[in-house]
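Undergrad: Dock chain W against chain Z, hints included.
One line per chain: the protein sequences are Z and W, in this order. Position 45, counted from 1, in the first sequence is what the numbering used here calls 79; the numbers after and before it change by one each time, with no gaps. Position 121, counted from 1, in the second sequence is what the numbering used here calls 260; the numbers after and before it change by one each time, with no gaps.
Please note: incorrect hints may appear among the correct ones.
Unchecked claim - Chain Z is faced by these chain W residues, among others (derived, beta-carbon under 8 Å):
#1 Ala164
#2 Glu192
#3 Asn195
#4 His235
These are computed hints drawn from the structure, not numbers from a lab. Bear in mind that the values here come from a model prediction, so they are computed numbers and not experimental data. Beta carbons: idealized from backbone N, C-alpha and C, even for Gly.
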Amino acid sequence: MEALEMYTVDPNDDVYTEELKLNLGPQHPSTHGVLRVELKVDGEIITASRCDIGYLHRCAEKIGENVTYLQFTPYTDRMDYLASMNNNLAWSLTVEKLLGVEAPERAQWIRVIVAELNRIASHLIAFGTYGIDIGANTPFFYAFRERESIMALLERPSGARMLYNYVHPGGVAHDIEDGWLEDVLAFCDEFEMRWKEYNTLLSHNAIFIGRTANIGVIPKDMALDYGLTGPVLRASGVSWDLRRDVPYLAPYDDLEFDVPVGEGTHGTLGDCWDRYWVRMREMMESIRIIRQACPRVPAGPFMDKAMNRMYKTPLKPEPGEAYMRCENPRGELGFYVVAEGGTSPIRCRTRAPSFCNLSVLDALLPGTMIADGVAIIGSLDIVLGEVDR
Amino acid sequence: MNETDIHSKLAGAVVSGVGALDESAKDPFVVVDPGSLVPAVTFLKNDADCRMEMLNCVTAVEREDCIEVVYHLSSVTHRHSLTLKTRVERPAGGTHESWIPEVPSVAALYASADWHEREQWDLLGVRFTDHPDHRRILLPEEWIGHPLRKDYVYPHEHGGMPLDLDAVPLYERDEATPSEPAAPRPSGTPLVQPPNPNSDRPDAGGVAPADSDGDLRSIKPGSNDGGGH
Chain Z
35 MEALEMYTVD
45 PNDDVYTEEL
55 KLNLGPQHPS
65 THGVLRVELK
75 VDGEIITASR
85 CDIGYLHRCA
95 EKIGENVTYL
105 QFTPYTDRMD
115 YLASMNNNLA
125 WSLTVEKLLG
135 VEAPERAQWI
145 RVIVAELNRI
155 ASHLIAFGTY
165 GIDIGANTPF
175 FYAFRERESI
185 MALLERPSGA
195 RMLYNYVHPG
205 GVAHDIEDGW
215 LEDVLAFCDE
225 FEMRWKEYNT
235 LLSHNAIFIG
245 RTANIGVIPK
255 DMALDYGLTG
265 PVLRASGVSW
275 DLRRDVPYLA
285 PYDDLEFDVP
295 VGEGTHGTLG
305 DCWDRYWVRM
315 REMMESIRII
325 RQACPRVPAG
335 PFMDKAMNRM
345 YKTPLKPEPG
355 EAYMRCENPR
365 GELGFYVVAE
375 GGTSPIRCRT
385 RAPSFCNLSV
395 LDALLPGTMI
405 ADGVAIIGSL
415 DIVLGEVDR
Chain W
140 MNETDIHSKL
150 AGAVVSGVGA
160 LDESAKDPFV
170 VVDPGSLVPA
180 VTFLKNDADC
190 RMEMLNCVTA
200 VEREDCIEVV
210 YHLSSVTHRH
220 SLTLKTRVER
230 PAGGTHESWI
240 PEVPSVAALY
250 ASADWHEREQ
260 WDLLGVRFTD
270 HPDHRRILLP
280 EEWIGHPLRK
290 DYVYPHEHGG
300 MPLDLDAVPL
310 YERDEATPSE
320 PAAPRPSGTP
330 LVQPPNPNSD
340 RPDAGGVAPA
350 DSDGDLRSIK
360 PGSNDGGGH
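Excised from the complex, chain Z in its bound form (with noise of 0.2 Å):
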């Protein structure tokens, strides 16, 4: 607040400025998709945000009450599109914990395979799009190069580049072929490689250090009070991991991975940069879940037997409900389902992560430059389709 001060306006004198009313997005590059933020700035400086969200509502919710329990897979493909293997997972867990079912361990350990991939793959889209909001061009290309191998590893298991519809519940809808876990295998050699010119690439450069530290510093008590959760959360020093201290799938437990949380190394803790870093970091921690759990996919069915009798006439769980929670790339991705007896449910709530992530903004951006606004929204790293669902 400092800062503001310099810049006080003293309507006495003769030279002041005035308030003016600025629009961003929807349709700007650094909004990452169809987010709108009505800025009131007095120069440069931003006095108060306010975001407008709901451009890209689909009214998933509304659709999950009227389609069945599997067909809802693919619709949560559509939520946060940058991770949607991540998004099957949490929602095929849901109606299983619904339906008092497990998976076989051979789905398991590929889910837990193609989730950490795709980590690697939204994370990379993170960092490839930051550098550019920060006026970095090339990392752009480098991601993009790494993303393209993760898409072509996990379109041979699912058939889509994208959109993946691959874990559904009670198993993963096809067997992975021979020879797919040592081309994942090869694929992490030549990541960690690729991860260190990233470093020297983005990183550690002094400029980008310059735009990111002690920029937008969430501190830890008020990252836990807007809920946030994922990167953002462990930059603000809250080592909180749901693949660690809630595991959700089994093979998480015998995994050994660290949970990087931020050190407010080039500034304060929770700082634009510390967020940036944790997911650097997280990547590294994905590439050694990866390595671990390839040797040890166990032979046997990819899906549960009676579940897939279920599938030839629609489920119709007990009433009842179930909360899963998942870590995504983002954060945490909850699924909340009332069950009536049905063949769909009555209520299908999705508690986004990039949702409430976003919701700090407001609170982030009054005090900072224009162009530190952009470095704030590029750090929090939201998928708009998740936000407005």
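TA: Same frame as chain Z, now just chain W:
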């Protein structure tokens, strides 16, 4: 602590209105009266053994006889979580047009409740009293009705745009022989939406801000007469 311990602490602290713990559910939950909601949540947040720092999710669920609002709370410190519910009984013949249930807001306790409660107001028409910014969030401010209510009727048009799936595309319309008018709303017209006391829209029943001239949000619904550009 597990849900049983948290519930016994909660029942000992808040004098009235805390129901029994339903342990038969997949996620055991506690039902509290709407009047005891804020004291109960305050206790859960501040008590050293409960320490529910995070409000993960606020969900309104419409059932036959009531609307229930479900709060998913979790603690990062103690790594436990609790599901809290509050119920508002449906009055006889209460439809989404005539019945707006009211539940106290917890936005003063958790900043995350702000947007969640706005979304539940927007989609299910649950009014959260004492909410600091009680506006719609996903739908346009001039939208009528709350689409996730079971008796919601789909509108035929919005702002001049036909919404029916079989509506005639604009470029195929014949001005001379207009197509059949849309069927009337089955559940009676007009659809009355209660004015939003917190809205700063001049026609929404609230208080208009002093600088509403030139305001970005001052476009009136239905004033889409094509002028300007």
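Undergrad: Run every hint past the structure and note whether it holds.
TA: A quick look at each hint next to the structure:
1. Ala164: holds (6 Å)
2. Glu192: For Glu192 of chain W, the interface hint holds, since the closest Cβ of chain Z sits about 4 Å away, which is under 8 Å.
3. Asn195: Holds. Min distance 6 Å.
4. His235: violated (13 Å)
Checked against the numbered hints given earlier, this structure breaks only hint 4.
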